[in-house]
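Student: Construct the complete structure from the given sequences, taking the supplied hints into account.
Chains as they are written, first to last, in numbering that gives the first Met the number 0: chain A, 0 to 395; chain B, 0 to 177; chain C, 0 to 93.
Be aware that a few hints might be false.
Said to hold, decoys possible - Take a look, some chain C residues computed to stay more than 10 Å from chain A by CB distance:
{"#": "1", "residue": "ASN35"}
{"#": "2", "residue": "GLU36"}
{"#": "3", "residue": "ARG41"}
{"#": "4", "residue": "TYR43"}
{"#": "5", "residue": "PHE62"}
{"#": "6", "residue": "TYR69"}
{"#": "7", "residue": "PRO81"}
{"#": "8", "residue": "SER82"}
Stated by the list, open to error - Covered by chain B, per the in silico footprint, the following chain A stretches (three or more residues, Cβ under 8 Å):
{"#": "9", "region": "163 to 174"}
{"#": "10", "region": "272 to 279"}
{"#": "11", "region": "357 to 363"}
If you are wondering where the hints come from, they were derived from the structure by calculation, not from laboratory data. Beta carbons are placed, not taken as given, at the ideal position from N, Cα and C, and that holds for glycine.
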Amino acid sequence: MIEVMTSNYAAAHGARLAKVEVIAAYPITPQSSISEKLAEMSVKGELHGQYILVESEHSAMSLLIGASYVGARTFTATSSQGLALMHEMLYWATGARRPIVMIVASRAMAPPWNIWGDQMDVIGERDTGWMQFFCENNQETLDTIIMSYKIAEDRSVMLPAMVVEDGFILSHTFEAVDLPNQDDVDDFLPKFNPELKIDFNDPRRFGGLVMPDWWSEFRYRIAQDMEGAKKKIVEVDKEFGKKFGRTYGGLVEFYNCDDADVVLALAGSAVGTAKDVSDKMRERGKKVGVVKIKALRPLPAEELRKLNDMVPVVGVFDRSFNFGHGGGIFSEMRNGIYTPDGGPLIKNYVGGMGGRDFTPKHMEWVFEDLLRIKKEGKVDRMIEWIPLRDGTGRWY
Amino acid sequence: MHGRGGQGAVVASEMLARAAVKDGMHASAFPFFGVERRGCPVTAFCRIDDKPIRIHAGIYEPDYVIVLDPGLMTLVDVFQGLKPDGKILINTTRTREELAIKGPNKVVTVDATGIALKRGLGSETAPIVNTAIIGAFVKMFPKISIDSLLESVREAAPVKKEENASAAKDAYEITKEV
Amino acid sequence: MPILETYKDLPSTPVTFYSTESNKTGTWRTVRPTFNESKCTRCYICWKYCPDLSVEVANEGDFPKIDYDYCKGCGICANECPSEAIVMEKEAHK
Chain A
0 MIEVMTSNYA AAHGARLAKV EVIAAYPITP QSSISEKLAE MSVKGELHGQ YILVESEHSA
60 MSLLIGASYV GARTFTATSS QGLALMHEML YWATGARRPI VMIVASRAMA PPWNIWGDQM
120 DVIGERDTGW MQFFCENNQE TLDTIIMSYK IAEDRSVMLP AMVVEDGFIL SHTFEAVDLP
180 NQDDVDDFLP KFNPELKIDF NDPRRFGGLV MPDWWSEFRY RIAQDMEGAK KKIVEVDKEF
240 GKKFGRTYGG LVEFYNCDDA DVVLALAGSA VGTAKDVSDK MRERGKKVGV VKIKALRPLP
300 AEELRKLNDM VPVVGVFDRS FNFGHGGGIF SEMRNGIYTP DGGPLIKNYV GGMGGRDFTP
360 KHMEWVFEDL LRIKKEGKVD RMIEWIPLRD GTGRWY
Chain B
0 MHGRGGQGAV VASEMLARAA VKDGMHASAF PFFGVERRGC PVTAFCRIDD KPIRIHAGIY
60 EPDYVIVLDP GLMTLVDVFQ GLKPDGKILI NTTRTREELA IKGPNKVVTV DATGIALKRG
120 LGSETAPIVN TAIIGAFVKM FPKISIDSLL ESVREAAPVK KEENASAAKD AYEITKEV
Chain C
0 MPILETYKDL PSTPVTFYST ESNKTGTWRT VRPTFNESKC TRCYICWKYC PDLSVEVANE
60 GDFPKIDYDY CKGCGICANE CPSEAIVMEK EAHK
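Tutor: What follows is the structure, encoded as structure tokens:
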């Protein structure tokens, strides 16, 4: 059934269709309407699960870990400061192997106070061991939530997942979304059935002390299962395609890359803009392609390494900066695609932060810059902030 | 769409998107992501296309500019970026000359305030003009049918669904493209 | 209890497979609580306060009993008893 709605409402419907059993969320712009919509659904009796009020995001995550231990399917929503507040519990959720799914309407980290779209908050959580999936549009948000449960709850994975929608850019934009019907979703997504859970007839201690002689093995298991999740993600994406007619490439999507001279790699809502600009430039004879990174964690290194043989120049657009060397996705890409034999020329474009609009004109400028790099055979500067008020890049 | 906080510009953009989708097109509607307050200038955008819309960025060269409150014209350059063949729709009882609108663009006016008050939408000091003005817009943009618009108004209006739909219909009927 | 040799043998979530009941902490004691039934009013304050769950009351109305397998001899029960029915004495074997 097609309905026009924001990505926030799409996320709320996704949670409802996935028959989530426990929801605990604390409001924060631009995520608040997700919690409000879920609360409304709960009051109207449309929600299968329980909606529990908590006093902070940290409490929300703690509550969900407990609920997940009992065998409930759990869900929450947050952004920037809230995500940072639950940081400690994100590590806990991974270590405890709880398949919690969380939607993050990514937003800038304060101060200065800024409520608009950015990706620094989720980039800061790469190390927690959560799977991270980025969405290009509202439909993908809904679909990814449903797919995330199937991936996360698989016994070979059992890791939490965060579904990222760009704050305001997707969360507050109305687009047409096809709501799948409940029976089809029930068919696709089985009930959460963990191997071990809290049982009053067989009491155990969960998450207790482990001495140095065994701790690393636990971490190694998580690393192994995160690697194994890659296969599962691609599998679930194909299954989803068969059932609902929509696929997203699983980990990475190569768009217009076949005979491309240069490609731009990026994640989130800007992918849509990039695809549009890429098509328009192709019509004018410029061979530019787009690499959509859907999964940042697990890092699809093998997929990205294909770029070594595909193109000589790769640009990476980041809505974040990690104050080391470049933005989050740039760091990951370099890590993923470079081998001891080297790799393509690569340049980072940092922009669109704190809700600054990244327009098709900016995108075109980036592609032209990459084509210039290909012609000259070298990168002028590794990291370019665009657009910036001092005239760097092109200021619209 | 330029209005003031509380006049319903954002909801109007949603209604247009809904109507466009009902008529088989693709649409994407969003507010200018600024701090929203009553009385503060608010801009809402809507992209409508026959093909799927993938762009996620602001609109800088509109084909149409809708002004819900002509008082804004002294504060904000509401026509910035308007294409040379773009059209303007203003909620007013004055003429183009009286409003001193320069340039080649066609201007259509409709007394959305009058219609809103007649239908009891909002109050004298703060009339809700959004549904009336999009009713007028659909006359200028026939790719969206008035029936789809009325259905969308009924779906998305938070209160007084029938009065809002009537306001849209009234505006649609009296608007003349000049 | 499963035999753990490599990371592959780990359970799907960190969890214990045995209870702490097998760890009899009574051997930690240097002093032990002794109980005087004639003074006891069965207020059960000792049962409420024992941090180790080592004071047991089988049925309502019974005198509390101390489980010397686990009692660590902290002395809180003796300290809290309003009728001084519990006295701490030196552990014989230490």
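Student: Now look at each hint and say whether the structure bears it out.
Tutor: Evaluation of the provided hints:
No Cβ of chain A approaches the Cβ of ASN35/C within 10 Å, the least distance being about 35 Å, so the stated non-interface status holds. Listed as a non-interface residue, GLU36/C keeps its Cβ farther than 10 Å from every Cβ of chain A; the least gap is roughly 33 Å. Distance to chain A confirms ARG41/C as a non-interface residue, since its nearest Cβ pair spans about 29 Å, more than 10 Å. At roughly 24 Å, the least C-beta separation between TYR43/C and chain A is larger than 10 Å, which holds for a residue marked as non-interface.
Every beta carbon of chain A lies more than 10 Å from that of PHE62/C, the smallest distance being close to 28 Å; the non-interface claim holds. Remark: the non-interface label on TYR69/C is consistent with the geometry, its nearest Cβ contact in chain A lying 17 Å away (cut-off 10 Å). The beta carbon of PRO81/C is kept farther than 10 Å from every beta carbon of chain A, the shortest such distance being approximately 34 Å. For SER82/C, the shortest C-beta to C-beta distance to chain A comes to about 35 Å, beyond the 10 Å cut-off, and the non-interface label holds.
Look at the region 163 to 174 of chain A against chain B: 8 of its residues bring a Cβ nearer than 8 Å to a Cβ of that chain, three or more, so the hint holds. Residues of the region 272 to 279 of chain A with a Cβ under 8 Å from some Cβ of chain B number 3, which satisfies the need for three, so the listed coverage holds. Using a Cβ-Cβ cut-off of 8 Å, 3 residues of the region 357 to 363 of chain A lie near chain B, which meets the minimum of three, so the contact claim holds.
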